[in-house]
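Participant: Spelled out from the first residue to the last, the chains are:
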Amino acid sequence: MKHLLSTRDLDRATAIGILDVAEDMAKTADREVRKLPALRGKTVVNLFFEDSTRTRLSFESAAKRLSADVITFSAKGSSVSKGESLKDTAQTLAAMGADAIVVRHHHSGAAHQLAHAGWVDAAIINAGDGTHEHPTQALLDAYTIRDRRFGDSARGRDLSGSRVTIVGDILHSRVARSNVWLLTTLGAEVHVVAPRTLLPHGVEHWPVTVHEHLDDALAAGPDAIMMLRIQSERMREAYFPSSHEFAREWGLTAERLALLGPDTMVMHPGPMNRGLEISSAAADSDRSTVLAQVTNGVSIRMAVLYLLVAGTSGIAESAGGAR
Amino acid sequence: MTTLLIRGAALLGDHVGDLRIRDGIIAARGALSPETDERVIDARGLIGLPGLVDLHTHLREPGGEASETVLTGTRAAAAGGFTTVHAMANTSPVADTAGIVEQVQRLGERHGYATVRPIGAVTLGLAGQQLAEIGAMARSTARVRVFSDDGHCVHDPLLMRRALEYVSTFDGVIAQHAQEPRLTEGAQMNEGVLSGELGLGGWPAVAEEAIIARDVLLAEHVGARLHVCHLSTAGSVDVVRWAKARGISVTAEVTPHHLLLTEELARGYDARFKVNPPLRRDDDVHALRAALADGTIDIIATDHAPHPTEAKECTWAEAAFGMVGLESALSVVQQAVVDTGMLTWGDIARVLSSAPAEIGRVAGYAHPLEIGSPANITLVDPSHAREWSTADLRGRSVNSPYLGRALPGRVVYTVYRGVVTVDDGALVEPEAVVAAHEEAPRG
Chain A
0 MKHLLSTRDL DRATAIGILD VAEDMAKTAD REVRKLPALR GKTVVNLFFE DSTRTRLSFE
60 SAAKRLSADV ITFSAKGSSV SKGESLKDTA QTLAAMGADA IVVRHHHSGA AHQLAHAGWV
120 DAAIINAGDG THEHPTQALL DAYTIRDRRF GDSARGRDLS GSRVTIVGDI LHSRVARSNV
180 WLLTTLGAEV HVVAPRTLLP HGVEHWPVTV HEHLDDALAA GPDAIMMLRI QSERMREAYF
240 PSSHEFAREW GLTAERLALL GPDTMVMHPG PMNRGLEISS AAADSDRSTV LAQVTNGVSI
300 RMAVLYLLVA GTSGIAESAG GAR
Chain B
0 MTTLLIRGAA LLGDHVGDLR IRDGIIAARG ALSPETDERV IDARGLIGLP GLVDLHTHLR
60 EPGGEASETV LTGTRAAAAG GFTTVHAMAN TSPVADTAGI VEQVQRLGER HGYATVRPIG
120 AVTLGLAGQQ LAEIGAMARS TARVRVFSDD GHCVHDPLLM RRALEYVSTF DGVIAQHAQE
180 PRLTEGAQMN EGVLSGELGL GGWPAVAEEA IIARDVLLAE HVGARLHVCH LSTAGSVDVV
240 RWAKARGISV TAEVTPHHLL LTEELARGYD ARFKVNPPLR RDDDVHALRA ALADGTIDII
300 ATDHAPHPTE AKECTWAEAA FGMVGLESAL SVVQQAVVDT GMLTWGDIAR VLSSAPAEIG
360 RVAGYAHPLE IGSPANITLV DPSHAREWST ADLRGRSVNS PYLGRALPGR VVYTVYRGVV
420 TVDDGALVEP EAVVAAHEEA PRG
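These protein sequences, in sequence, are chains A and B. Just so you know, the first sequence maps onto residues 0 to 322 in numbering that gives the first Met the number 0. Just so you know, the second sequence maps onto residues 0 to 442 in numbering that gives the first Met the number 0.
Please keep in mind that the hints were generated in silico from the structure rather than gathered at the bench. Predicted, not measured: the structure shown is a model, and the values here were computed from it. No incorrect hints appear here.
In silico negatives: residues of chain B with every beta carbon more than 12 Å from chain A:
#	residue
1	T1
2	D41
3	G62
4	E64
5	G127
6	R240
7	S248
Below, computed lysine to aspartate or glutamate pairings styled on EDC-like, alpha-carbon distance capped at 20 Å:
#	chain 1	residue 1	chain 2	residue 2
8	A	K86	B	E309
9	B	K243	B	E219
10	A	K63	A	D29
11	A	K86	B	E317
12	A	K75	A	D87
13	A	K75	B	E317
14	A	K86	B	D269
15	A	K86	B	E312
16	A	K75	A	D50
Note that CB positions come from ideal geometry on N, CA and C, so glycine has one too.
Using the sequences plus the hints, can you model the full thing?
Facilitator: As structure tokens, then:
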């Protein structure tokens, strides 16, 4: 694996390998000296064309914990806002010696283009491209589910037998897409729930069970329920009539929270709209994995950077090396 | 005055015959012997076609000279076997006045590679608000007969009705770019399973079909002539078929790329495959081929749309819509519908020459390769095979979707008004073309 562009082209063994390396990375967080020398002398560039404090900080933190040099490039107020193209920006950063470029872009396919257009040679990590994919988010979600279910015996396992329900704006969500492909590859049963307006055309061909009503999906007994962020501008674009109606029909209200099984996880990629797609009761409940997801995100991103940049010969060996 | 003898071509792909060209017209046809001082082209093994006529070309001049000019565009046309092109109105300034269309026409005349027939804008500045000066363009020396806001749909139904009525006063036709604007906000590729997976905004088939359905009914109501640009879906074919059965005066075009390529090419986010209307499904491609074969679709037009490199070397969403197509058109058509046995070369002469000339009211193409017709001739080697490369492109831009793809056939000679513009596969230089026209009095 030279790049991480999408979860759709990750096979089961590679995905489990990343999760296992992330386990090793997580253990280092408990040590007195947290920093690993694995990427000493390597340069990781965070190239963010879209505001995203959380994802950027998570990648920065992951790269620094691996002792990489980190350059962060935010498009706002930079030459990009003066019309510089993706190609020129990427080539400029590559000329500064980037070993890996973590790219977040508001347009679908940007990471794929950086990896395949022949502009740069660095490893490309997709940190979210338009409405296409956000593979490290899906990996950290899968990690979180696996960790909650299996704890110390998680290593080497997939998610067979888990039922995960994704709720909200599936149409515009790169998190939903990456999770659908990855969780399915890992053997989980995936359900999606949204009003018909927020389901992609052709969703019936996806490897998922589709519900239009949240209560139907809850009745199926999910092991994890993943609430997606609803952007308020969708309302103005006539995807649904009002935020009240959305919250009532598709929000994880306190009443719906009470219907969930005792072990059902409540997940959210953040940032949350409390009172819209998720109630405070749900966000702050014991079932909520929101903060665990943030912590696990650093481990996953460490694992991905390590596997792509350190140039090790295999996942088993790398796992040993990180212990 | 010397004459030109073309020997041994399979005329319209049918029987072998010779053609003698004198004073820019076809003077003799049959089994002919060379005369003294006559230039002889050995065309054995080649197909003899009439010069091709493109009803949908973007020449970009004035205003877009970084991507194409009338000279470079007509050179690309000649390389592809075209002797007439219709220059779309979306230049800068827009071709919405007599002055602009006359200028574009004159540039074509001066360079001598092809007849340039300007298309006039339907609405002022392509803004869809008020009619452009259609009468002035029709009566100008450019004698415009085709009007289009191509790139934009004339979506206001009342304005479309008025435009259909008004151009009929001047024997004109509205060439509609059928795209319902509200249904295609943010549209990037065909709407379907793949657009959902790739996270690219969907361009649903219904946005094209709904406008075509509305327009054929409007054309019937006001008794005017309608032409549908670059039809791209199986549903559009059904609507046009229904309209023709009803006796509505509608013609339709399909591009070479919609006859060959599908939306799957979007998978790699390579913006060379971004075009409007977008590449569709395999089922659409097959429906379009069948419709061309049964006459529901009247013509093939290239929608040659040159763009500078930077307009394609960017993210898919940022990239411009469009692909160059003049040079590759005949090869693509050969692969899609001739080699598959759906159309004969005689059919190709109709859909790429006489029928588009009839729609555009261009004289001289009604009797292909017959004695007395202007000597607009294309000689094609159908047995040639090559991997398409930038070396095969003759315009100023290289945004071809076929680069690296194997394509059959090759234009070996193009003759425009008796002047050889492509000679044994090579474009003749501009000075030589101009000199040859000056030497040869027009027929």
